[in-house]
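K.L.:
Chains as they are written, first to last, in our numbering: chain B, 1 to 273; chain Y, 1 to 234; chain C, 1 to 240.
Calculated from the structure, these hints are not laboratory results.
Be aware that one or more of the hints could be misleading.
No more than 27 Å apart at the CA atoms, straight line, and that leaves these computed lysine-lysine pairs for DSS-like [claimed, not checked]:
#	chain 1	residue 1	chain 2	residue 2
1	Y	Lys21	B	Lys157
2	B	Lys98	B	Lys131
3	B	Lys131	B	Lys145
4	B	Lys113	B	Lys236
5	B	Lys123	B	Lys203
6	B	Lys51	B	Lys217
7	Y	Lys21	B	Lys51
8	B	Lys56	B	Lys118
9	B	Lys113	B	Lys157
10	Y	Lys21	B	Lys217
11	B	Lys118	B	Lys203
12	B	Lys260	Y	Lys21
Note that the structure is a prediction, hence the values are computed from the model and not measured.
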Amino acid sequence: MRRRLLAGLAGLFFVLGAQATTAQQEFIVVSSTTSTEQSGLFAHLLPLFEKDTGIKVRVVALGTGQALDMARRGDADVVFVHDQAAEEKFVAEGFGVKRLPVMYNDFVLVGPKGDPAKVAGGKDILVALQKVAAAQAPFVSRGDKSGTHAAELRYWKAAGVDLDAKKGAWYKDTGSGMGPTLNTASSMNGYVLTDRGTWLSFKNRGDLAILVEGDQKLFNQYGVMLVDPAKHPHVKKDLGQQFVDWVVSPQGQAAIAGYKIGGEQLFFPNARG
Amino acid sequence: MNAFSESLSLAAGLVAHLDAKLSGIVLLSLRVSLTATALAALVGLPIGAAIAVGRFPGRHALTIVLNSMMGLPPVVVGLVVYLLLSRAGPLGTFGILFTPTAMIVAQTILITPIIAALSRQVVADAWSEYREQLTSLGATTPSAALTLILDTRFALATVLLAGFGRAIAEVGAVMIVGGNIDGVTRVMTTTIALETSKGDLPLALALGIVLIAIVLIVNAVAQYLREWARTRYG
Amino acid sequence: MADAMVASGLPIVCAGIGVGHNGARLLHGIELTVERGACTLILGANGSGKSTLLRVLHGLAAPSGGTIAWGGSAHRPAGQAMVFQRAVLLRRSAAANIRYALDLAGVRGSEADARIDDALTEVGLRALAARSARVLSGGEQQRLALARAWALRPEVLFLDEPTASLDPKASRAVEAIVRGIHARGTTIVMTTHNLAQAKRLATDVVFLQEGRLVEQSPADEFFNAPRTVEAAAFLEGERL
Chain B
1 MRRRLLAGLA GLFFVLGAQA TTAQQEFIVV SSTTSTEQSG LFAHLLPLFE
51 KDTGIKVRVV ALGTGQALDM ARRGDADVVF VHDQAAEEKF VAEGFGVKRL
101 PVMYNDFVLV GPKGDPAKVA GGKDILVALQ KVAAAQAPFV SRGDKSGTHA
151 AELRYWKAAG VDLDAKKGAW YKDTGSGMGP TLNTASSMNG YVLTDRGTWL
201 SFKNRGDLAI LVEGDQKLFN QYGVMLVDPA KHPHVKKDLG QQFVDWVVSP
251 QGQAAIAGYK IGGEQLFFPN ARG
Chain Y
1 MNAFSESLSL AAGLVAHLDA KLSGIVLLSL RVSLTATALA ALVGLPIGAA
51 IAVGRFPGRH ALTIVLNSMM GLPPVVVGLV VYLLLSRAGP LGTFGILFTP
101 TAMIVAQTIL ITPIIAALSR QVVADAWSEY REQLTSLGAT TPSAALTLIL
151 DTRFALATVL LAGFGRAIAE VGAVMIVGGN IDGVTRVMTT TIALETSKGD
201 LPLALALGIV LIAIVLIVNA VAQYLREWAR TRYG
Chain C
1 MADAMVASGL PIVCAGIGVG HNGARLLHGI ELTVERGACT LILGANGSGK
51 STLLRVLHGL AAPSGGTIAW GGSAHRPAGQ AMVFQRAVLL RRSAAANIRY
101 ALDLAGVRGS EADARIDDAL TEVGLRALAA RSARVLSGGE QQRLALARAW
151 ALRPEVLFLD EPTASLDPKA SRAVEAIVRG IHARGTTIVM TTHNLAQAKR
201 LATDVVFLQE GRLVEQSPAD EFFNAPRTVE AAAFLEGERL
């Protein structure tokens, strides 16, 4: 009986010990957004980065707001999100060293093929949103402080639609990521603003299709920032900087352009030379 | 029903091919939850036994608190542990946030009350049966408590299995403190959450079936253990 | 050997013992002496306080009034053992159960081995030494409990209705063992509601009624010429 107890304890220490020895390879933590991760970009990009530098990247995917908050707390080394205003504020507050543009993708307005608001084929997102509000057609929003959510709110404002006044049963606030929001839209045949990347990999489309795209206003700019080691001394400054340098370098930019779903390119590199 | 049959064949395929990524995720889930269960047992069993046999003021109130803590919401535990382990938090210097260690810590905190409360019940029942005889034989209360833990080892084993089942099935705590990092802190439950949010429902369901299969096996083992112990030891 | 070092716990002297529980009085003003060598049977109807008195004598229950002394000391000495109505055994082999008790008493090694063997032989369970204790029959379990008690070479052995749950054959086996232990010099204090059993075993009888000690007499006297009316009524009632 006692021998079995000792064997059990030995096994326990072995398990715990094994855990301690695994992560010896150099790594950095990058906070990013769920839409970026779910687009599959990181699965494509990070192995290439690791091959070039030997550094492993651990991506924690949250909403843009949460990603920036996480970095403010010092729990990330690099931030990779798509909300220019919020990013510049982050740098101004002293949490980020410098903001560098990396790439852009675009948003699309997705909706039921039946299209009760009659927006299909339109080239102006603001006009389309006005029509959706007028028709009181079901519209599903992320409502989660994300870059996508921030963009959506900007479009409503620019379209002159006062959501607080107009908010009724037709506007649904899910408070969740892009995927769950699309799930909700799919199940209730509603309109939803989504980034193209998530949409292309989304498999539960139901009766939904892209109705409005191509408007310049729908372009979604990504920025990358190294978390400032002055604020958080433990930040992996050198490794993090290697990542920042790489994504804006010709190799990194080519890797980004090389990521395709079904033959279609999702992200368009635009780092300044 | 189409989604179900598609998922079943997908699940069968995943398991049959021992898909490397799937194995990695399953093994990590097992490692995290087994370690958490072992640690929770180390802390929870003595606490449960002590409350069962002890005589001290507030014992009744403590039992109620312990039983209530069995219902701690995983996501709340995750949030609290995250704030503790965050660089901005008191234990940030250890740098274990977003690692399996953080997940083990969160799950240990989550299931220790379960193990303590259930083992308290087991030991208390045994204590009412054994107390007079053990006192007559001259056992001190602490020595008697240890003897009881040993004597009720099979019932306690099923308590541990209950704790393990709770740990391996939860998603709230490990999602927040682990960050669901691909290849590092992605376990079965967080993968299911991710695949569901990506709209890849068949894959999510397939993983769910694997998870349920594991839980079923755990419960079958618990049942078999109970019956074997009853026939062998009475 | 060890016994010589331990102070004797006899005689057990109760003066004015009372026990109350949750407002109910279980024992009133008990005056009682247990002498060395006696085989004292505590008789009485259910609820008369027999089990409570037994537990007070063994030190398992503290009296709420009065005093009790074991060999002149207020602290219960080692060298006492108790057997309950249902045997309380650990999930181990029969031999291991005895070893556990011996270990608590500080008896280990070859001395323990010898006592275990002797005790199991004494109760006729030697062949079942390795069997798991809790799968034994009721009668076998009770004999094992007695073996465990005997292995401790107790000065006083307390038994609480040890045959109440057993069939007649098993009961007789238990009585034989108790007689044997008594013959070896152990003082016996036992409760029972079985009059015939009391007649068979007792040297002294203590008769309780509603928590009071009504009569304490040598066995002959009690059964043939009880001093009190209540005792006579009790015996009459049992005879019917």
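K.L.:
Could you tell me which of the hints above the structure violates, numbers in ascending order?
P.N.:
Numbers 1, 2, 4, 6, 8 and 10 - these are the hints that the structure violates, sorted from lowest upward.
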